[in-house]
Amino acid sequence: MDSNPQNTVRRTFLKSALATAVVAALPSGSGRANTFSRDSLRVWSCGGLAEAFMPANDRYEQQHGIKISYTGAFAAALGKSLLGSATTEIFGGRVLDLAKKLKSSGKMLYYKPLCFTSYVMVTPLANPVGIEKITDLARPGVRVILAPEASPPGGQAVQVLLKKAGILDSATKNCVLSGSCVQRTMDDIISGRGDVSIVELRLTRMAAFAGKTTVIPIPEEFFPPPPLTFTIGVMKDAVDRALADHYLQYITSEEGQAFFAAAGFIPAISDKGRELVKKLGVKDV
Amino acid sequence: MSETQQCTLPMYDGAKLRTASIRLRIVRRFSQFIMLALLGQWWFYGIFRCPFLVPYVSCQNCPVITCHGRIVTMFWGFWLLLPVSALLFGRALCGWGCPGGLLNQMIGMMAPFKLRVRNTFTRLAPSGKYLGLAVALFCYYILAQPRVDVPIRIGEFFPSVLLTFEHANLEWLVRTFFVLAFLGLGLIAANAWCRFACPGGGLLELLRHLSLFRFYKTSKCNDCNQCLDICPMGTRPNEANCTSCGDCREVCPSDAIVFGRRK
Chain A
1 MDSNPQNTVR
11 RTFLKSALAT
21 AVVAALPSGS
31 GRANTFSRDS
41 LRVWSCGGLA
51 EAFMPANDRY
61 EQQHGIKISY
71 TGAFAAALGK
81 SLLGSATTEI
91 FGGRVLDLAK
101 KLKSSGKMLY
111 YKPLCFTSYV
121 MVTPLANPVG
131 IEKITDLARP
141 GVRVILAPEA
151 SPPGGQAVQV
161 LLKKAGILDS
171 ATKNCVLSGS
181 CVQRTMDDII
191 SGRGDVSIVE
201 LRLTRMAAFA
211 GKTTVIPIPE
221 EFFPPPPLTF
231 TIGVMKDAVD
241 RALADHYLQY
251 ITSEEGQAFF
261 AAAGFIPAIS
271 DKGRELVKKL
281 GVKDV
Chain B
1 MSETQQCTLP
11 MYDGAKLRTA
21 SIRLRIVRRF
31 SQFIMLALLG
41 QWWFYGIFRC
51 PFLVPYVSCQ
61 NCPVITCHGR
71 IVTMFWGFWL
81 LLPVSALLFG
91 RALCGWGCPG
101 GLLNQMIGMM
111 APFKLRVRNT
121 FTRLAPSGKY
131 LGLAVALFCY
141 YILAQPRVDV
151 PIRIGEFFPS
161 VLLTFEHANL
171 EWLVRTFFVL
181 AFLGLGLIAA
191 NAWCRFACPG
201 GGLLELLRHL
211 SLFRFYKTSK
221 CNDCNQCLDI
231 CPMGTRPNEA
241 NCTSCGDCRE
251 VCPSDAIVFG
261 RRK
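Sequences listed follow chains A and B, in order. The numbering of the first sequence is our numbering, which starts it at 1 and goes up by one. The numbering of the second sequence is our numbering, which starts it at 1 and goes up by one.
No lab work stands behind these hints: they were computed from the structure. It is possible that part of the hints are untrue.
To spell it out: a stretch of chain A is covered by chain B in this simulated footprint if at least three of its residues, at any positions, have a beta carbon under 8 Å from a beta carbon of chain B; those stretches are [stated by the list, open to error]:
#1 74–81
#2 172–185
#3 245–258
#4 274–280
One side only, chain A facing chain B, incomplete, derived with CB under 10 Å [to be verified]:
#5 G84
#6 A86
#7 K101
#8 A150
Please read all numbers here as calculations on a predicted model, not as lab measurements. No residue lacks a Cβ here, since even glycine has one placed at the ideal position from N, Cα and C.
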């Protein structure tokens, strides 16, 4: 044996350096996948969040080598399925009450605030009739497009918003197209079949519509509270609880939340998000 | 010697025709499988996951973002190609390109009733396609093409199909079960959907009469009906439900079936 302490130190240093190099050379994904008992995770969310979840999931898959089986659809429908016999491991739903219901039924273990939506007015790019404020929808001759029959929150929420602004009747009278799909509403506005409509900001960020309308903010006081909130929770059917927790932590981290901001949502960890968390009481109990 | 020649020549012609027909059938199957690769996903989504009452015609507004009709704007290409194909070759798209047609033909091979007879039923039943077309037009124009299902925007295919069924409105279920019932009927009566119900087939059938090129019978036809006996659609060249597949060419004893521009 070599009893020279200098040689021992050198050998230890070389061994450590080699070990570090080997770990660094490993693909980060496979390294992380080995720390969990599974290499896939089922995630369901409100369909409106799909544009944010898809790139966020891609990033997670690349970084951690975990396959995300993602389903995005109308949250109330998914919630109904989950309250029945359907199962998933992570659920990102709209409306706080749904998360509470899933939690109280024992289907969800816990949830956190994820993000918030907001409503805006959209006009054709040139804003031909000079829409500036919400009350302009009541102006005689303004062609309003609404989608009252669209799945919540596209339809009813806008009706409530108009009611809170005190212009429901007059704006309804100005309505020239009354549809059942908010995406069609965007098409109708872009093609100039109407002068103004109210949609969620996220729609104006979709690839098909981005940059094709003029977007005018609406004061927050008119927003109907229930559809604003999105939560994300770990379900009782999570096979690998550590993996589910890790994914949820990623989605609610700065890195994950950036995808939601890009898709037109207010991240829960932003200043505005924290304000809304407090105001709307989005906390697990 | 002269007897041998008389016997050999027709046999030689028959073999040549058979070879040509086999070649044509291989090309047709190849075309069908290429189109299956191109349109198959869209076709499948249209039946099982399209939230609209009439599938394949509202892709630009569809929230199902994983459907090929939406993601590769196949929708526009297809609907532009359709009238061109119909004006050139009539209903050939049904026999050469439609993934549904291919599936029906495969299923039809097992069907005990090929319905290759000419009677009142086989004369009247093909009108069902026009009824299907009328219903589709009514749903699109009069009912304003309602969304009758919760669109599963993104998700693994089969779990999403289950969710689609779970949250469907009655209209969607009726439409889907109607299509599946006809597909199932194809196990008993060959090509039941394509022959008696397909609205797309009905539309192409209307345009077929205007087509420039087609298989047709020449004056040499002696009405032996051997072409009818082999036709998967239970018809004769250039008659109702003929999809210009060319399968009948080899069986015609009078060599009366040709492809080209009918004068």
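(request) Against the earlier hints, flag every one the structure doesn't satisfy and list their numbers going up. (result) Hints 3, 4 and 7 contradicted; others consistent.
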